[in-house]
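Just so you know, the sequences run in chain order A and B. Quick note: the first sequence uses this note's numbering, first residue 959, plus one each step. Quick note: the second sequence uses this note's numbering, first residue 182, plus one each step.
Hints listed in this document are in silico derivations from the structure and should not be mistaken for laboratory results. For every residue, glycine included, the Cβ atom is placed at its ideal position computed from N, Cα and C. Treat each hint with caution, since some may be false.
Said to hold, decoys possible - Only part of the chain A face toward chain B is listed, based on derived beta-carbon distances under 8 angstroms:
(1) GLU1148
(2) LYS1168
(3) ARG1225
(4) MET1228
(5) THR1229
(6) TYR1233
(7) LEU1245
(8) GLN1336
(9) GLN1338
(10) GLU1342
(11) GLU1346
(12) ASN1358
As the list claims (entries may be wrong) - Ranges between beta-carbon positions, derived for each pair:
(13) ASP221(B) with GLY1292(A): 53 to 61 angstroms
(14) ASP1239(A) with CYS253(B): 39 to 47 angstroms
(15) ASP221(B) with GLY1303(A): 40 to 48 angstroms
(16) ASP1090(A) with GLU344(B): 19 to 27 angstroms
(17) CYS253(B) with ARG1194(A): 28 to 36 angstroms
(18) LYS358(B) with ARG1194(A): 49 to 57 angstroms
(19) GLU344(B) with TYR1017(A): 31 to 39 angstroms
(20) PHE206(B) with ALA1176(A): 22 to 30 angstroms
(21) GLU1346(A) with ASP276(B): 20 to 28 angstroms
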Amino acid sequence: MGSKQPDRRAFLKRGAALAGGLSLGAVEPAIGQTPASGQSVEGQSQEAQDYSSDELIAYGQRSHHVTSVREPVNGRPSPDEFGLVFHVGTPLGDQMGAITPSALHYVGTTRGSFVPDIDPAEHRLMIHGLVDRELIFTMDELKRFPSVTRLHFIECAGNRTSSRHRTIVDSHGMTSCAEWTGVLLRTLLEEAGVQDEGTWIVAEGVEEVKGASSLPMAKAMDDILVAYAMNGEPIRPQQGFPLRIVVPGFEGILSVKWLRRIKVVDRFYMTYNDYGHLRQDSDDAALSYQIGPKSVITFPSGGQELTGTGFYEVRGLAWSGGGVVSRVEVSTDGGESWMDADIRGTPQRMAHTAFSFNWTWDGSEAVLMSRCTDEIGQVQPSREQVAEFWGRSGVKGQDNSIQPWRIERDGSVHNAIT
Amino acid sequence: MRSLKLLPFLIFLGAGSALAQSPTFGLGRTPNDEEIRAWDISISPTGEELPPGRGTAAEGRRLYLQKRCARCHGVDATEGRAPRLVKRERGPDADPWSLGRILPIRSPYATAVWDYINRGMPLGEEGTLTADEVYAITAYLLSINGVIPEDAVMDAQSLPMVEMPNRDNWAPLPDWKPGMPRLAGYPY
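If we strip away everything but chain A, and leave its shape as in the complex, we get:
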């Protein structure tokens, strides 16, 4: 309803071109702090561009010298051979500040999905199930409700670092942060009147696979946002235009996009998304649900390069599903000693928090790390600490382990996970 299928043939052609010609390496973004001259994304002109054309005055675009792009992660291309988009990572190594530009926000979908083209005039949100009054809203009606505007990160539970990863796109690219505007789900649920037996909700999208997730009523009544805007404009299609939920601090698959329906139910519904994230072990299940305290140094990070000795501002991002990030520390000696980083701006609940650390590189090999603490006292662990706690290797649940980056004498930066 209100969702149009994009032309499949065009998708298939694109898929074939991708499989045949462009390898992952060919669309690799310019990373590091070096000027982008000589590097380009295929199809982007190196000729001088006129930014004062009527078209670009009406709707601006970035300089063609800026070439940072998203990349498919974990080796599965998006779009794939079916034209499905699955996991596409944000180039965090190029990001300045806490907010991810909308065009670079990571993309994740249920099973791999087509991105629907939805007419907002036709789009509806229905709330039904265990409520006193079933309700159906147009977009205009939703926008008449009292709104809230909040910074929130969304992170995919699959955002795990490993020794195989070379750059921060692979290791951390499936987290992004935006300013979201919408109605609190609580406002809508109160309008419908939740009955006593209503202990869970199922939120569902309108895309062809109708991706759906179960969420506990306690979260729905706390801070879930039914969002229609992102970074000051309507949400982009890849992020759920015209409507999605944002579930602050929980694994990303719960933030259902292209939202059309919320059903109030009396139990965990075991949707396909729910099933995909099931765990056998209850500790694993708990650790895979609310995102832990996590941070990463974005500069210098894997694949980047220091161009000489001397002063550098080490930069990074910190976030937690537990609330506000209260402290960020940086180590430049592989975790032997830790110093407080500067938190830039006012940290927000379940939002990326930018941090920086002034550092002078003397040209010797160095291993840089960051770790954060959140307002409820959770501290980001090293991989070794996690292994020690559980008495076995690997990181249980969602991976919030410390990411080490090694600077070689030649200034090249590498993933230091062994």
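Got chain A sorted already, so can you dock chain B onto it with the hints?
Chain B only, in chain A's frame:
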């Protein structure tokens, strides 16, 4: 005089609970039953929303080939461009979790298999299968995974009763409350 002054207050007290339950903003409209039926494709583990219909594995096998499931999942559902649909062979006493992330074997409820085929398959023609067809293909997938006998009939009554190997072998999510840590006692 005095009682008159109190009157609005008493009315407020009496209507207190009703007031809290009434809509505050009055936006939106009530969907009709047909609209709700058209959109409500959720299937509970109890199967309460399952529509009438029936199907067997033999019918499901025919449909699996006819509806082009085989084109992506492979003729035997073991190899193709799309995910494998038959469990891995790990011996008779294998932990069901070791048999692969395969919906018709790992899911604790057979209703989830029905729900996913109904909403998400076949690729590009999602939502076009009839209830009978979904019952049949579900029966086929459960049968080739050894969950139900080949001749079992799947319908709204039998499907929720299917004993999946993981029925009681999965971790419920934590009873989440605002402000709580990921896992009590875990420092990270």
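Hint check results:
no.: 1; hint: GLU1148; result: holds (7 angstroms)
no.: 2; hint: LYS1168; result: holds (4 angstroms)
no.: 3; hint: ARG1225; result: holds (7 angstroms)
no.: 4; hint: MET1228; result: holds (5 angstroms)
no.: 5; hint: THR1229; result: holds (7 angstroms)
no.: 6; hint: TYR1233; result: holds (5 angstroms)
no.: 7; hint: LEU1245; result: holds (5 angstroms)
no.: 8; hint: GLN1336; result: holds (6 angstroms)
no.: 9; hint: GLN1338; result: holds (7 angstroms)
no.: 10; hint: GLU1342; result: violated (12 angstroms)
no.: 11; hint: GLU1346; result: violated (11 angstroms)
no.: 12; hint: ASN1358; result: holds (7 angstroms)
no.: 13; hint: ASP221(B) with GLY1292(A): 53 to 61 angstroms; result: holds (55 angstroms)
no.: 14; hint: ASP1239(A) with CYS253(B): 39 to 47 angstroms; result: violated (32 angstroms)
no.: 15; hint: ASP221(B) with GLY1303(A): 40 to 48 angstroms; result: holds (44 angstroms)
no.: 16; hint: ASP1090(A) with GLU344(B): 19 to 27 angstroms; result: violated (37 angstroms)
no.: 17; hint: CYS253(B) with ARG1194(A): 28 to 36 angstroms; result: holds (29 angstroms)
no.: 18; hint: LYS358(B) with ARG1194(A): 49 to 57 angstroms; result: violated (33 angstroms)
no.: 19; hint: GLU344(B) with TYR1017(A): 31 to 39 angstroms; result: violated (58 angstroms)
no.: 20; hint: PHE206(B) with ALA1176(A): 22 to 30 angstroms; result: holds (23 angstroms)
no.: 21; hint: GLU1346(A) with ASP276(B): 20 to 28 angstroms; result: holds (26 angstroms)
The structure does not agree with the numbered hints 10, 11, 14, 16, 18, 19 stated previously, though it agrees with the rest.
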